[in-house]
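Visitor: Those protein sequences? They're chains A, B and C, same order as listed.
Going by my numbering, the letters in the first sequence line up with residues 1 to 228, in that order.
Going by my numbering, the letters in the second sequence line up with residues 1 to 224, in that order.
Going by my numbering, the letters in the third sequence line up with residues 1 to 41, in that order.
Hints are all accurate, no fakes.
No more than 27 Å apart at the CA atoms, straight line, and that leaves these computed lysine-lysine pairs for DSS-like:
{"hint": "1", "chain 1": "C", "residue 1": "Lys30", "chain 2": "A", "residue 2": "Lys71"}
{"hint": "2", "chain 1": "C", "residue 1": "Lys28", "chain 2": "C", "residue 2": "Lys41"}
{"hint": "3", "chain 1": "A", "residue 1": "Lys71", "chain 2": "C", "residue 2": "Lys28"}
No lab work stands behind these hints, which were simulated from the structure alone.
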Amino acid sequence: MKRGISILAVVTALLLSLALYEALIGAPTERTMGDVQRIFYYHVPSAWTAFLLFLINFIASIVYLIRRNPKTDILALVSAEVGVVFCTVVIVTGPIWARPVWGIWWAAGDIRLTTTLVLWLIYISYLVLRRFSTSGQTPVIAAVLAIFGALDVPLVYFSIWFFRTQHPSPVIGGGGSLDPRMAHVLLINWAAFLCLAWLVSWTRYRLEVVKREVEEAQALESLLEGSR
Amino acid sequence: MSFFAITRATLEKDIRLEWRSKDAVNAMLFFALLVVVIFSFAFDPTAEESRRIAGGLIWVAFLFAAVVALNQTWARELRNQVLDAYRVSPAPANPLFLAKALGNFIFVAILEALMTPLFIVFFKLRALGETWDLLPIALLGTWALVVNGTFFAAMSLRTRSREIMLPLLLFPISVPALLGMVNATSAVLSGEYSPRVWIALLLAYDVVFTIACLYLFETVLEAE
Amino acid sequence: MNSMHYLYAAYIATWAIHGTYLVILARKYKKVRREMESLRK
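Start from the sequences and build out the full structure, keeping to the hints where you can.
Guide: As structure tokens, then:
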């Protein structure tokens, strides 16, 4: 296990460095937006990674409700936490990109960014619930919330999409085809961020496993103290 | 007893208990008036902009009312260990949930019915579109808030800062419903476009989450 | 070149966010370490 993490750490560091070089220097400069467009190489992979992590959380939550395996719950917790981190990056880099390009920090009709914001809010509330819950069955309640969140996502997407048809606004990130060299850099950055997500999640997972063992041991000890 | 029989019995009992304390009714009346007055201070009712955002203002006010009602949903059950009884018995807990949700719905609907004429008077509102459309919007929108709110109130029972936990969980999940309510209402008030798609969205939201709540309530109850 | 500031801001913000999380993890790790030590006694 230890060896695995070390290898992953090295690979991640190398990939991130390569990806950074490609994003800032290797990739061609975009015609309309200029160098600011390079934010794209951090913004988009972070979004994909966040969504992947939230998907993992959703699946882990369902599996937990069925099997009630504590390890699955830890996976749900970890994927939610790391997902929120990456999601925060998306929400912060989005406006930073929008401002110089569109002159505004936020467009309410920007469907991708607004959906991401709502997803971020849902998962923050998920983490708060986990932190504040005093029930012994917090994992179950959190899993249920995750399911509600997942059910909500298509509704959120549709509602904002329809809102946008009535209140047209610029789309940050734009659509359209991608220069193959840019696609190449985009994928390298995605690979790098995926490795980072994997590394951080793995570390957090192990930390949580140990933390829970310690808590159990502490509980056991106070029980024994009491009976002495 | 059948599912609906239990639901009705629980609901009737709740209504009877609330009605006996006339304090609740008076407090509700005053609350409705207060909210509208505060909003009329905060948003100048004579301004053209206020009329354009009236849809949003009204629903924010209704949201406040809903949270107030929702926070005390399970108070009586907690005090009398009713939930423990349901946990132990083989009887399904769904009728209890439905009764609670319906009770909250009635409570919030009454508050809305009290606030609406006040809003109309204070903000000089006129519906330029089909006024009757406001009825499905109000019903579907209120149910959207109440069904999830009752469920999240149950989820928040064993948490610190329970009163803050409820809105914290409810608001993000309610975003599509809120968009639906506000935009549909604005559509009817301005008459500029049809609220039909928003009403359809509210209906879809209500169906999805009513099923989810009924399906998962037992799970949450057992987990408390 | 004003737009370059935004580019740097975005990249720095990204690393600041990841860095903050890693710092939080490091603190949690230290805490768990301490608790493990106190249990061993």
